[in-house]
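Those protein sequence lines, which keep their order, are chains A and B. Just so you know, the first sequence maps onto residues 1 to 343 in our numbering. Just so you know, the second sequence maps onto residues 1 to 312 in our numbering.
Wrong hints could be hidden among the right ones.
Said to hold, decoys possible - Only pairs whose alpha carbons sit at most 30 Å apart, straight line, appear in this in silico DSBU-like list of lysine-lysine:
#	chain 1	residue 1	chain 2	residue 2
1	B	K236	B	K117
2	B	K22	A	K220
3	B	K305	B	K90
4	A	K329	B	K117
5	B	K220	B	K117
6	B	K117	A	K43
It should be emphasised that the hints constitute simulated quantities derived from the structure, not laboratory data.
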Amino acid sequence: MTDTTGAVVKSESEIGGGLTPRQAKKLRMQSMTAEERGYIRRKAVMDKIFPFFRFVILFGLGFVILYPLIYMVSCTFRERADMNDPTVMWIPRHFTLNVLKETLTAMDFWNTLRTTLILNIGCSFVQVLSCSVTGYGFARFKFRFKGLLFGIVIMMILVPPQVIGLPLYTQFRSFGIRGLFTVNLIDTMWTMYLPAITANGIRSGLMILIFRQFFRGLPKELEDAAYIDGCGPLKTFIRVMIPNAGSAFLTVFLFSVVWYWNDYYFGSTFFVNTSTLARMLTNLDTELKIRLFKSATVEIAPREQIVWKEAGCLLSITPILVLYVCLQKHFTEGIARSGITGI
Amino acid sequence: MAEAEKTAAAPAKKHRGLPYEKRKQLYGYGFISVWMIGTLMFFLIPLVKSFWYSFNEVSIGDGKTLTDWVGLAKFDYILNADPYYTAILKDTLIETAWKTPLILIFSLFIAVILNQKFHGRTLARAIFFLPVIIATGPVYKIISGDMNSTGNTGAAQFSTMFSTDLVGELLQFLGIYGISDNMSTVISTVADNIFGIVWSSGIQILLFLGALQNIPPSAKEAAQIEGATAWEFFWKITLPYVSPFILANLIFTVIDSFTSPTNKVMERILAMKEEWKFGEASAMAWVYFLIVLAAIGLVTLIVNKFIYYEVE
Chain A
1 MTDTTGAVVK SESEIGGGLT PRQAKKLRMQ SMTAEERGYI RRKAVMDKIF PFFRFVILFG
61 LGFVILYPLI YMVSCTFRER ADMNDPTVMW IPRHFTLNVL KETLTAMDFW NTLRTTLILN
121 IGCSFVQVLS CSVTGYGFAR FKFRFKGLLF GIVIMMILVP PQVIGLPLYT QFRSFGIRGL
181 FTVNLIDTMW TMYLPAITAN GIRSGLMILI FRQFFRGLPK ELEDAAYIDG CGPLKTFIRV
241 MIPNAGSAFL TVFLFSVVWY WNDYYFGSTF FVNTSTLARM LTNLDTELKI RLFKSATVEI
301 APREQIVWKE AGCLLSITPI LVLYVCLQKH FTEGIARSGI TGI
Chain B
1 MAEAEKTAAA PAKKHRGLPY EKRKQLYGYG FISVWMIGTL MFFLIPLVKS FWYSFNEVSI
61 GDGKTLTDWV GLAKFDYILN ADPYYTAILK DTLIETAWKT PLILIFSLFI AVILNQKFHG
121 RTLARAIFFL PVIIATGPVY KIISGDMNST GNTGAAQFST MFSTDLVGEL LQFLGIYGIS
181 DNMSTVISTV ADNIFGIVWS SGIQILLFLG ALQNIPPSAK EAAQIEGATA WEFFWKITLP
241 YVSPFILANL IFTVIDSFTS PTNKVMERIL AMKEEWKFGE ASAMAWVYFL IVLAAIGLVT
301 LIVNKFIYYE VE
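Turn these sequences into a full structure, and let the hints steer you where they fit.
Quick look at the structure:
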């Protein structure tokens with residue numbers, strides 16, 4: 001075998017002129033030192049093997065991420081009896097839409113969804129506006145105590161919501177000026193809107209930081225041109241900076257929606273009867289018993305409860321999942337390109 | 001918002017004589033004025049109040065919050081008398097301590113892979129960032145399978161695939177018997193918690209990926225010409241360039257663990273609030289926060305020495 005190939009190479013090199021690329025490469029290899037050849041060979045082997053390893057790693061870990069979602073779908077469309085059937089793993093034996101319907105009723109889904117959407121989109125919108133204005137102020141103006149004030153922004157990022165949650169509760173319970181007027185804001189949407197309007201909503205410290213980094217990264221010449229043309233700072237911000245910051249606005253807005261959507265802590269601290277999807281999902285046990293079985297003491301086997309829980313999960317992530325799939329680029333590339341990369 | 005802007009702009013208009021720098025300073029205050037009001041009302045005052053509560057017996061009257069100074073009694077209670085707090089606190093802190101480095105290593109690893117060119121990269125990225133939209137909410141708590149001890153929903157079943165037996169057998173297959181028990185415990189802990197780690201590294205991967213894309217092409221070219229292997233490239237080029245982000249990601253991971261839906265300390269604080277024990281709840285939150293803050297400060301001090309900043 002080796003003899004014949006050797007002979008072929010020899011004869012080909014004798015012919016000289018009409019070399020195929022493959023043989024030209026072989027000739028080049030022969031003219032190299034052993035070290036160079038070793039390097040090229042190793043590189044070639046790595047280039048062949050590595051994609052395979054990469055695929056295995058990505059596939060395995062991707063499965064870890066997608067597994068719960070697939071399981072959710074699988075659970076939603078099976079009967080609760082299938083949970084006790086050891087032969088049922090992925091594909092339900094008894095396909096049914098009842099679980100989905102029951103969960104829709106138990107969560108009072110459409111009303112809850114409406115409340116959540118009003119709260120989320122409204123809060124996110126005003127919060128993005130207020131945070132961008134603040135971020136711009138920190139990025140482009142020099143004023144006294146700026147370092148100290150920015151230190152407070154950093155504190156806002158670091159302090160966990162549990163620390164300030166309780167005083168906020170008492171504050172909203174009797175909101176106003178002591179002796180003049182007080183209103184009880186608990187269980188109204190103002191508890192979420194007021195902090196959002198004043199750039200103090202959920203994770204607003206992070207958003208101010210992102211906007212500050214973003215505006216610092218924009219060229220200063222843009223504003224100088226506007227100033228020379230007679231624009232005031234506010235007009236410059238609205239007419240020159242905001243149009244340039246479109247993608248940053250969208251990215252921060254999307255993340256804001258996600259964080260409000262997932263918030264459970266503030267929701268359960270401030271709300272009593274106002275239900276967001278996150279609260280509803282956490283209390284699904286009780287809701288199931290009350291709305292579906294009409295009694296608070298009924299016992300459902302924990303394994304059978306899973307079908308409703310997974311259905312609830314599926315229902316409450318579907319809207320945000322749709323958002324993610326449609327605007328995936330803005331979620332992923334936005335934050336990497338625009339914002340926080342300039343730390 | 002516009003009103004606040006106007007109030008700041010008005011004096012500036014009147015004093016046309018003011019020097020340019022002075023006027024800009026006023027505008028600066030104008031831009032952040034909304035935030036300043038909000039921070040005073042919804043951040044600074046609650047922060048001080050919460051600190052105050054932790055030294056007081058707090059009771060809610062009709063529309064009023066009554067406090068009664070008790071000194072360090074609340075701290076004494078939560079650290080010595082509360083049946084759950086110290087155990088939960090210890091578990092949570094230890095978990096944060098070992099999970100954070102693992103999350104950082106894992107997310108850097110995935111970011112390096114996702115930064116390469118291959119078919120289906122967009123899809124792979126979409127899947128790996130998916131936890132970003134789910135992992136901060138109650139859905140994560142249910143799918144990670146520990147809600148009200150409903151047994152193993154999803155995660156546990158899957159992690160058996162990765163768990164001790166497989167790793168142990170692989171090691172035996174490779175002829176590695178001599179590895180100490182410690183090492184195999186570490187490996188099996190990582191394998192058992194692969195679910196939690198993968199699910200909490202969405203944003204970290206994103207940030208690392210952003211950092212990797214900022215490595216100048218000239219550095220890559222130079223390394224290629226010099227014949228650097230992928231391994232050398234990682235240690236000598238990639239790591240220095242992303243090092244500032246390691247610190248940022250570390251801080252982000254820790255503060256993310258505060259609000260994680262699986263955080264037991266947070267659950268305990270909420271439970272205390274349900275019982276109207278505001279003093280105890282505040283003391284719990286402050287003890288937790290101060291310990292973590294001190295740890296972050298210490299790590300920052302140490303890590304800062306090894307960080308490479310391109311612009312000195």
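Each hint tested on the structure:
no. : hint            : verdict
1   : B:K236 x B:K117 : holds (21 Å)
2   : B:K22 x A:K220  : holds (19 Å)
3   : B:K305 x B:K90  : holds (29 Å)
4   : A:K329 x B:K117 : holds (17 Å)
5   : B:K220 x B:K117 : holds (15 Å)
6   : B:K117 x A:K43  : holds (17 Å)
When held up to the earlier numbered hints, the structure conflicts with none and fits them all.
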